[in-house]
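*Asks:* Sequence:
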Amino acid sequence: MQIYRVGGAVRDKILNNSCQDNDYVVVGSTIEEMENKGFIKVGKSFPVFLHPETKEEYALARKDIKIGSSHKDFRFEFTPDITLEEDSLRRDFTCNAIYEDITTGKLIDYHNGINDIKNKTLRHISEHFTEDPLRVLRACRFSATLDFDIAPETINLCKQMIDNNALSHLSKTRIFQELEKALSSPYFYRFIENARKIGLLKKLLPEVDDLWSVPERQDYHPEKNTGSHTMLALKAAQSSDSVVNLTILLHDVGKTITNKEKWPSHHHHEELGIELANKILTRLNATNIYKDFIPFTIKNHMLYHSNVDSVLDNLINVAITISKNASKDYQKRFLNVLKADMLGRDIKDFSIQLKEFENFSNYLTKIITITKQPKTKLIPNFYDLIEQLKKHKITKEELNKLEINAIKKLVKEKYV
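The sequence shown begins at 1 in our numbering and counts up one residue at a time.
Hints are supplied without guarantee of correctness; some may be wrong.
[To be verified] List time: in silico DSSO-like cross-link candidates among lysine-lysine, alpha-carbon distance up to 27 Å:
hint : residue 1 : residue 2
1    : Lys396    : Lys366
2    : Lys396    : Lys409
3    : Lys401    : Lys366
4    : Lys202    : Lys324
5    : Lys324    : Lys299
6    : Lys299    : Lys279
Since the hints were derived computationally from the structure, they do not count as laboratory data. Please read all numbers here as calculations on a predicted model, not as lab measurements.
Could you build the full structure based on these sequences and the hints that come with them?
*Replies:* As structure tokens, this is what we get:
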């Protein structure tokens with residue numbers, strides 16, 4: 001019985017990155033022996049065990065034999081004579097197939113993974129890669145989370161998988177899980193670059209893929225099209241917040257359905273973008289934090305381009321929404337998206353724009369501070385109005401308007 005650490009923990013150790021999860025593979029053992037040593041069997045399809053003390057995962061070395069089209073359709077062989085090299089052949093990328101002997105610390109690398117890590121290259125191990133359709137997503141995801149290039153031969157193999165309709169064998173939930181992991185990387189733009197290169201983006205997010213066909217005003221966007229602008233915005237954000245990154249990705253999606261006869265102008269792309277983003281988020285089976293924040297931000301992401309006095313009512317509504325969602329970091333996220341949108345242009349000097357954005361940010365923060373005051377301070381007869389609301393003597397819209405007017409009055413008294 002020999003035990004080796006394998007996968008992300010070994011890869012991240014070589015990269016000098018922290019890693020919380022350790023996975024182990026056991027060679028030359030059986031289910032009975034593992035259980036006799038106190039390991040707790042948890043795997044259903046194949047034997048995975050939890051260490052009795054650390055609760056870390058240990059799996060018997062195995063061979064995976066494809067028996068269907070789904071990424072779950074495999075038969076597993078895990079007899080004691082399965083070798084470590086045979087186990088390595090079932091793994092996805094060379095960087096994830098390096099083993100560390102837990103007794104000696106020696107690294108065992110059958111597929112030149114250490115060299116690929118040094119060269120920041122993601123490379124598949126064998127043609128068995130195509131047997132799991134999820135791996136086409138994992139290739140793009142790892143390119144983002146590791147900031148790696150994908151080897152040309154792996155790009156070509158992923159293209160073949162997309163052409164063979166690999167995504168049709170995956171559930172919405174599984175697809176979004178992989179996407180969300182990529183979204184949590186400051187290099188998320190790499191996911192989009194590679195997804196576009198292999199044809200995945202056209203299958204997964206055709207509305208985003210269309211952005212490269214949408215022209216922009218070159219006096220404002222020298223990068224010429226909305227797709228390039230979106231990529232520059234993602235790079236400028238350098239965010240590890242999945243909500244921020246997905247919002248940036250979708251913030252201008254409405255431009256794909258504005259009136260083509262008026263391009264490169266895109267009037268009302270915010271309203272059109274809300275409807276389109278809602279359809280995308282539903283299709284992705286995204287969770288509520290995305291479904292709530294993204295339409296809100298798409299609707300309001302152009303406000304900082306306007307004179308603040310002319311959009312004061314809108315800013316107050318934004319401030320009220322941000323105050324109600326303080327626990328969800330709406331303020332930080334909203335301003336991060338707007339700043340990335342502003343920086344997502346191919347120009348050299350942003351000093352003027354950064355100063356203007358700082359003024360906008362400070363002004364919005366002041367309004368938010370006012371909205372956080374007790375309702376009775378904003379509207380002295382607030383409780384009386386609540387009673388009138390209950391008796392249907394006033395509407396909720398009328399009460400909201402009174403609140404906005406009270407906030408507007410304070411803003412003008414203090415800051416205008």
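*Asks:* Does each hint hold? Answer for all of them.
*Replies:* Now the hints, each set against the structure:
Note on Lys396 and Lys366: the hinted pairing holds, with a Cα-Cα distance of about 25 Å set against a maximum of 27 Å. As the CA atoms of Lys396 and Lys409 are separated by approximately 20 Å, the hinted pair is consistent with the 27 Å bound. A threshold of 27 Å between alpha carbons decides the hint, and for Lys401 with Lys366 the separation of about 20 Å falls inside it, so the pair holds. For the hint pairing Lys202 with Lys324, the CA-to-CA distance comes to about 36 Å; that exceeds 27 Å, so the pair is violated.
The straight-line distance between the Cα atoms of Lys324 and Lys299 is roughly 17 Å, inside the 27 Å bound, and the hint therefore holds. Pair hint Lys299 plus Lys279 holds up; C-alpha atoms about 15 Å apart against a cutoff of 27 Å.
In summary, the one numbered hint that this structure violates is 4.
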